[in-house]
Each structure stands twice: as structure tokens, then as C-alpha cells.
Amino acid sequence: MFDKEVIVKIKNGEIDYFEILVKKYSPVIYCYLFSRLKKREDCEDLLQEIFLSFYKSINRFNEERSVLPYLFEIAKNSLKMFYRKRKIFLPLKEEIIKEEDYFDFFEKVDVDLNKLNEKEKNIFKMLIEGYKIKEIEKILKIKENTVKSIIKRGRMKVKS
Amino acid sequence: MKNLERKILKKVYLWEAKRTVFDLVLKVILFFISGLFLFILGQIFFEILNEQKTFDLLNFFNEDLEVAKKYFLDNIFIFWFEIPKFLLLLILLFLVILFLIYLTLIKNFNILKNKVKSFFRFIRKI
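Protein sequence lines, in the order shown, are assigned to chains A and B.
Numbering of the first sequence is given in the working numbering, commencing with residue 1 and proceeding in unit increments.
Numbering of the second sequence is given in the working numbering, commencing with residue 1 and proceeding in unit increments.
Isolated chain A, as found in the complex (with noise of 0.2 Å):
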């Protein structure tokens, strides 16, 4: 049975037809995903949703188009929306440091700040001097969350 008949068929209501198109073609993306993912439970997840969004999205699929490249498709997006889940979780767990944390850091670590750029570097001088995130803040009128990030930047110079 071609393609085009068991989604006209799926579409007609009859669901027992999807079976063929799963059958037919998870394999490939299952293979395709284990080569960017190389973990086989993300692999049946994302394999699961891939099918499922295929699915809901059926009625408005052409039948005279293939549905490989169309399940491609999906997969590349579904890919993508995986790392970008993965990637939000990664700066959250920077973010949650607490202000204390950056006041440790100077104690424990010998500071080179010869290493830092000018910006960098005041706002270093600024925590060892005793200044809170927010009133450095205030001072050199930059986002907190800037002040955030160029403190963890220079924690990288610095440890490097």
C-alpha cells in the first residue's frame, strides 16, 4: 500500500493505518536521532513526540507529498527545540548563585586582575572594596544581570 492511500485512509478516520507509516519509518528516524543524540531514552522520546506531532498534524499534510522528508522536517525541529530546552537549563544554574558566592571567591582565590579588562576589572575592585551587585549596579549604571555576567566572565579569566 502506498503512502499516499493509508493517509488518505488515516485521514477517513481509520487510525489502525498509522500503524503502517510508524512501522515503515521509525526505524529511520529512530537511527537518525540516535547519531545526534546517542542516548537511547531522549531517542524514544523525542521518536514518540516526532510521530505524535506527525499525527496532529495529518489532516493538513498534502498525501502527494512523501512523508520522510516531512517526518525529517518535524525531527530536525523537534532536535532543536530538545537543545533548547537542555540549553536553558545550563545559565539557570549560574544565575542561581548567591551574591555571597562572588564574596567567597575573592577569599578563597588569589585574584590576578591583570588578567581582566578595564570594565572587568573595576567592577572586581568594586567587590573586593566591599560594594553589593546592586550598588555596583547603580553605580556604573549597567543591568544587574550584566554585572552578573561580566563578574562570572572574569571568574573564568581568573581561574584560568
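Calculated from the structure, these hints are not laboratory results.
The structure presented is a predicted model; accordingly, all values stated were derived computationally and were not measured.
A portion of the hints provided could be inaccurate.
Said to hold, decoys possible - Straight line, CA to CA, 25 Å or less: simulated PhoX-like cross-link-like pairs of lysine-lysine: (1) A/K76 <-> B/K2; (2) A/K85 <-> B/K11; (3) A/K56 <-> A/K24; (4) B/K11 <-> A/K9; (5) A/K56 <-> B/K11; (6) B/K10 <-> A/K9; (7) A/K9 <-> A/K24; (8) A/K39 <-> B/K125; (9) A/K121 <-> B/K10; (10) B/K125 <-> A/K56; (11) A/K80 <-> B/K7.
Said to hold, decoys possible - Heads up, incomplete: computed chain B residues facing chain A, CB under 10 Å, no partners named: (12) K107; (13) N108; (14) S118.
Beta carbons: idealized from backbone N, C-alpha and C, even for Gly.
Go by the hints and put chain B onto chain A.
Here is chain B on its own, set in the frame of chain A:
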């Protein structure tokens, strides 16, 4: 892989079942609510016309054909002037809604039937 395929199908069937039930329930509720409103508004509409004795205007049809022809337009005009227009508009609106819901239900009946059959086949398989 078979297990994974089954998981995918289960997810798809579950989603479709939820959607179908939600869609059907929504349409049935809308159908009955529209019907109920139509009935109530119709009752009010006829009661108002009865109170105004607007229906008496229709008696002229019992007159001679010549007389009926002569005063036909006048009577229709008076009739139109006397009926509560906003109520009539509401009745028409509910009639249209009712008709549209009925039409979609009839149109999608075969699809719905096939879906229900597929659900049962899938449940039996599991």
C-alpha cells in the same frame, strides 16, 4: 523496536481518543444548549406576538383573494413592524448555530464511526 512502536501508537490513540471525545461532547452540549435557547426564545417570541394579537393580521388571508392581494403589502409591513426584531435575530442566530453543528456532525459521522472502530480494534489488540 516493537515495544517502541506500541508506545508511539498508544500515545497517538490516547491523544486522538481525548480529542474525539472532547470534540463530540462539546458539539453535543452546544447542540442541546442552542436547541434549548431556541425553544425558550421561540416560546417568548410567540407569546409576545400572541399578546400583541399580531397573528390576527394573518386572518386577512381568509378574506377574498382580491382583498388579500390589495392589503397584502400593508399587512406584511405592519407584521414586520410589530415583531420583536432583536429576539428574531437571536432566534436566527441560534438556528444557524444549530444547523452548522448538525451539518458538521453529519459530515464527520463516517470519520467518527471509523475512529471508534479503530479504537476498539486497538483495545482488542492490547
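| query | Within 25 Å, alpha carbon to alpha carbon, are A/K9 and A/K24? | reply | holds (16 Å)
| request: Have a go at the B/S118 hint: is there a Cβ in chain A nearer than 10 Å to its own Cβ? | output: holds (4 Å)
| task | Sort out whether A/K9 lies within 25 Å of B/K10, counting only the CA atoms. | result | holds (19 Å)
| Holds or violated: are the alpha carbons of B/K11 and A/K9 at most 25 Å from each other? | Cα-Cα ~19 Å, so holds.
| said: Under 10 Å is the threshold here; is the Cβ of B/N108 close enough to any Cβ of chain A for the hint to stand? | reply: Holds: closest Cβ of chain A sits about 8 Å from B/N108, inside 10 Å.
| task | Sort out whether B/K11 lies within 25 Å of A/K85, counting only the CA atoms. | result | At roughly 22 Å apart (the allowed maximum being 25 Å), B/K11 and A/K85 satisfy the hint.
| query | Is the hint on B/K107 kept, meaning its closest Cβ partner in chain A is under 10 Å away? | reply | Violated, because the Cβ-Cβ distance from B/K107 to chain A comes to roughly 12 Å (cut-off 10 Å).
| Given the hinted pair A/K56 and B/K11, is their alpha-carbon gap at most 25 Å? | holds (11 Å)
| query | Going straight from one Cα to the other, do A/K80 and B/K7 come out at no more than 25 Å? | reply | Status holds; Cα separation ~23 Å.
| Proposed proximity, A/K56 with B/K125 (alpha carbon, max 25 Å) | Holds: B/K125 and A/K56 sit about 23 Å apart, inside 25 Å.
| said: Need the status of pair A/K39, B/K125: alpha-carbon distance at most 25 Å? | reply: Between A/K39 and B/K125 the Cα gap is close to 30 Å, so the pair fails against 25 Å, i.e. violated.
| query | Under the criterion that the straight-line Cα-Cα distance not exceed 25 Å, is the pair A/K56, A/K24 satisfied? | reply | The given pair, whose Cα atoms are some 18 Å apart, holds under the 25 Å limit.
The structure is inconsistent with the numbered hints 8, 9 and 12, although it conforms to all the rest.
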